[in-house]
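If you're matching them up, the sequences are chains L and D in order.
Letter by letter, the first sequence follows residues 10 to 124 of the working numbering.
Letter by letter, the second sequence follows residues 251 to 367 of the working numbering.
Just so you know, the hints here were simulated from the structure itself, not pulled from any lab data.
It is possible that some hints are incorrect.
Computed beta-carbon distance windows for the label pairs [stated by the list, open to error]:
#1 PRO17(L) - SER364(D): 23 to 33 angstroms
#2 ASP10(L) - VAL263(D): 24 to 34 angstroms
#3 GLY293(D) - ASP80(L): 24 to 34 angstroms
#4 ASN302(D) - ASN60(L): 16 to 26 angstroms
#5 ARG300(D) - ASN60(L): 15 to 25 angstroms
#6 GLY93(L) - GLU294(D): 45 to 55 angstroms
#7 GLY37(L) - GLU294(D): 15 to 25 angstroms
#8 ALA23(L) - THR280(D): 24 to 34 angstroms
Here are the computed lysine-lysine pairs in the DSBU-like style, where the Cα-Cα straight-line distance is at most 30 angstroms [to be verified]:
#9 LYS253(D) - LYS362(D)
#10 LYS320(D) - LYS66(L)
#11 LYS362(D) - LYS66(L)
#12 LYS320(D) - LYS362(D)
#13 LYS253(D) - LYS66(L)
Quick caveat: nothing in here was measured; it's all calculated off a predicted structure.
Think of the CB as a built atom: it goes at the ideal place given N, C-alpha and C, for glycine as much as any other residue.
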Amino acid sequence: DSGVTQTPKHLITATGQRVTLRCSPRSGDLSVYWYQQSLDQGLQFLIQYYNGEERAKGNILERFSAQQFPDLHSELNLSSLELGDSALYFCASSVGGQVLMGGYTFGSGTRLTVV
Amino acid sequence: AQKVTQAQTEISVVEKEDVTLDCVYETRDTTYYLFWYKQPPSGELVFLIRRNSFDEQNEISGRYSWNFQKSTSSFNFTITASQVVDSAVYFCALSELGGGSQGNLIFGKGTKLSVKP
Numbered sequence: 010d011s012g013v014t015q016t017p018k019h020l021i022t023a024t025g026q027r028v029t030l031r032c033s034p035r036s037g038d039l040s041v042y043w044y045q046q047s048l049d050q051g052l053q054f055l056i057q058y059y060n061g062e063e064r065a066k067g068n069i070l071e072r073f074s075a076q077q078f079p080d081l082h083s084e085l086n087l088s089s090l091e092l093g094d095s096a097l098y099f100c101a102s103s104v105g106g107q108v109l110m111g112g113y114t115f116g117s118g119t120r121l122t123v124v
Numbered sequence: 251a252q253k254v255t256q257a258q259t260e261i262s263v264v265e266k267e268d269v270t271l272d273c274v275y276e277t278r279d280t281t282y283y284l285f286w287y288k289q290p291p292s293g294e295l296v297f298l299i300r301r302n303s304f305d306e307q308n309e310i311s312g313r314y315s316w317n318f319q320k321s322t323s324s325f326n327f328t329i330t331a332s333q334v335v336d337s338a339v340y341f342c343a344l345s346e347l348g349g350g351s352q353g354n355l356i357f358g359k360g361t362k363l364s365v366k367p
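Same shape as in the complex, but just chain L:
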């Protein structure tokens, strides 16, 4: 167990729908990162939050949004889903805003299937 908890593990939904993926970081970690792993694009960084504030943005679509709550858990919201959004979504956490400041731990991922 990495200490980073992602729920749900699997999600199947229809095109056009909206889903929310949840991530609880490892205890003591303030930073949460979201990644998408798809067959086409590989593993891509989406967005990072540090202590409740957005810190960095990667290749995140406008249909996607995220937030980090006061208890430091994070949610990734995916809306107007398309078939191409089917992917494995990973959350990672670290102590500080940069990977320098300690470990960088991934959760086990949420597999999203859009049908």
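For this one, chain L is given, so just place chain D on it according to the hints.
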């Protein structure tokens, strides 16, 4: 721009063979971190190693060893006496610490290693 290239898409070996997975990176920063992760068929990402740009010393951990060469921008990973349990996709990744980067990782496309009994 930063980039990680894993030229080997798939490698197949027979158990007990040694195998080297190549990783070449591009970055303009002088301060950065390099990583290797293993993704077994179950899908999770398993951390293997982190190396900072100031430490070119090679590392060995059991059957695993890593060769970091800044002169060629490479960070290769060798598995000695491979085992069936080593079958997985292996990812090399880069993280820069300057220029506003906040530690996000840039991954290579991965190398799928199949170890046959």
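Against the structure, test the hints numbered earlier, and report the numbers of the ones violated in rising order.
-> Those not satisfied are hints 6, 8.
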